[in-house]
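Line order of the protein sequences matches chains A and B.
Quick note, the first sequence lines up with residues 38 to 152 if you use my numbering.
Quick note, the second sequence lines up with residues 377 to 490 if you use my numbering.
One should not assume that every hint holds.
As the list claims (entries may be wrong) - With a straight-line Cα cutoff of 30 Å, these simulated DSS-like cross-link-like pairs (lysine-lysine) come out:
1) A:Lys91 / A:Lys81
2) B:Lys444 / A:Lys88
3) A:Lys91 / A:Lys52
4) B:Lys425 / A:Lys91
5) B:Lys444 / A:Lys81
6) B:Lys444 / A:Lys78
7) A:Lys78 / A:Lys140
8) A:Lys115 / A:Lys140
9) A:Lys88 / A:Lys115
10) A:Lys140 / B:Lys437
11) A:Lys91 / A:Lys78
12) B:Lys425 / A:Lys88
13) A:Lys52 / A:Lys78
14) A:Lys140 / A:Lys52
15) B:Lys444 / B:Lys425
16) A:Lys81 / A:Lys115
17) A:Lys52 / A:Lys81
18) B:Lys437 / B:Lys425
19) A:Lys78 / A:Lys115
20) B:Lys444 / A:Lys91
21) A:Lys91 / A:Lys115
22) A:Lys91 / B:Lys437
23) A:Lys140 / A:Lys91
24) B:Lys444 / A:Lys140
25) B:Lys425 / A:Lys81
26) B:Lys437 / A:Lys81
27) A:Lys52 / A:Lys115
Hints were generated in silico from the structure; no laboratory data involved.
This is what each chain is made of:
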Amino acid sequence: EAGVTQFPSHSVIEKGQTVTLRCDPISGHDNLYWYRRVMGKEIKFLLHFVKESKQDESGMPNNRFLAERTGGTYSTLKVQPAELEDSGVYFCASSQQGRTNEKLFFGSGTQLSVL
Amino acid sequence: AQSVTQPDIHITVSEGASLELRCNYSYGATPYLFWYVQSPGQGLQLLLKYFSGDTLVQGIKGFEAEFKRSQSSFNLRKPSVHWSDAAEYFCAVGRDNYGQNFVFGPGTRLSVLP
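Model the full structure from these sequences, guided by the hints.
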């Protein structure tokens, strides 16, 4: 079974440019989460999809960040325009719907460097 | 508000030595507690979790953790470290098992000497 995959693994862009990160969850997982770890600090929640709907986006830092999940499958996280403080590692995770023994599966992350 | 501290940013141990990684949390009720590990180039992998019941929890790869309510701690232990354990370890707390409610600690990087 394929795990959660994220593309690209690394991205280096200049301030003001646009970057789009992609996450492919495990097939059949309705829950999809985005997290971010900035400057070696703690990993912080960004948002949560249930299928194609945004369930909770309380962690999104500002309106330069736009997340979508087309058809409830893969998700993209766009940063436009990117700022220096957006540098960090962006993690995606997915899980099956339901409360009992729900387990999060994480991707390996996208390392974003904004110069 | 929930918070998690991991006092040790970086720990170095010799292979075969015992290991304890510290985690303290702040939470108003009984928390859900987790330890995750990230090896180089890999995603976060769940080592173990505590929801209720026995306060000593066994996980994968020979790890265990003990929930101590009186100390608000959930320290991770392993009796004998292997070189492959070199990674970054994250403690997390949540009010439930839903990922949007997780609060992660800053992580502890473990180096293992041959």
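Taking the hints in turn, this is what the structure says about them:
1. A:Lys91 / A:Lys81: 17 Å, holds
2. B:Lys444 / A:Lys88: 37 Å, violated
3. A:Lys91 / A:Lys52: The given pair, whose Cα atoms are some 28 Å apart, holds under the 30 Å limit.
4. B:Lys425 / A:Lys91: Cα-Cα ~27 Å, so holds.
5. B:Lys444 / A:Lys81: With a Cα-Cα distance of about 25 Å, the restraint between B:Lys444 and A:Lys81 holds, given a limit of 30 Å.
6. B:Lys444 / A:Lys78: OK: B:Lys444 and A:Lys78 at ~25 Å, within 30 Å.
7. A:Lys78 / A:Lys140: Answer holds: A:Lys78 to A:Lys140 is near 23 Å, not above 30 Å.
8. A:Lys115 / A:Lys140: 26 Å, holds
9. A:Lys88 / A:Lys115: Satisfied, since the Cα-Cα distance of roughly 18 Å is no more than 30 Å.
10. A:Lys140 / B:Lys437: With a Cα-Cα distance of about 17 Å, the restraint between A:Lys140 and B:Lys437 holds, given a limit of 30 Å.
11. A:Lys91 / A:Lys78: Holds. A:Lys91 to A:Lys78 sits at ~25 Å (cutoff 30 Å).
12. B:Lys425 / A:Lys88: 26 Å, holds
13. A:Lys52 / A:Lys78: At roughly 21 Å apart (the allowed maximum being 30 Å), A:Lys78 and A:Lys52 satisfy the hint.
14. A:Lys140 / A:Lys52: Roughly 36 Å separates the two Cα atoms, so the pair is violated.
15. B:Lys444 / B:Lys425: 14 Å, holds
16. A:Lys81 / A:Lys115: Given pair A:Lys81, A:Lys115 holds - Cα atoms ~17 Å apart, limit 30 Å.
17. A:Lys52 / A:Lys81: Holds. A:Lys52 to A:Lys81 sits at ~22 Å (cutoff 30 Å).
18. B:Lys437 / B:Lys425: 14 Å, holds
19. A:Lys78 / A:Lys115: 22 Å, holds
20. B:Lys444 / A:Lys91: Not satisfied, since the Cα-Cα distance of roughly 36 Å exceeds 30 Å.
21. A:Lys91 / A:Lys115: Holds, because 15 Å separates the two Cα atoms, which is no more than 30 Å.
22. A:Lys91 / B:Lys437: This hinted pair is violated, its Cα atoms lying about 35 Å apart.
23. A:Lys140 / A:Lys91: Holds, at about 20 Å.
24. B:Lys444 / A:Lys140: 23 Å, holds
25. B:Lys425 / A:Lys81: Measuring from Cα to Cα gives roughly 19 Å; hence the hint holds.
26. B:Lys437 / A:Lys81: 26 Å, holds
27. A:Lys52 / A:Lys115: 14 Å, holds
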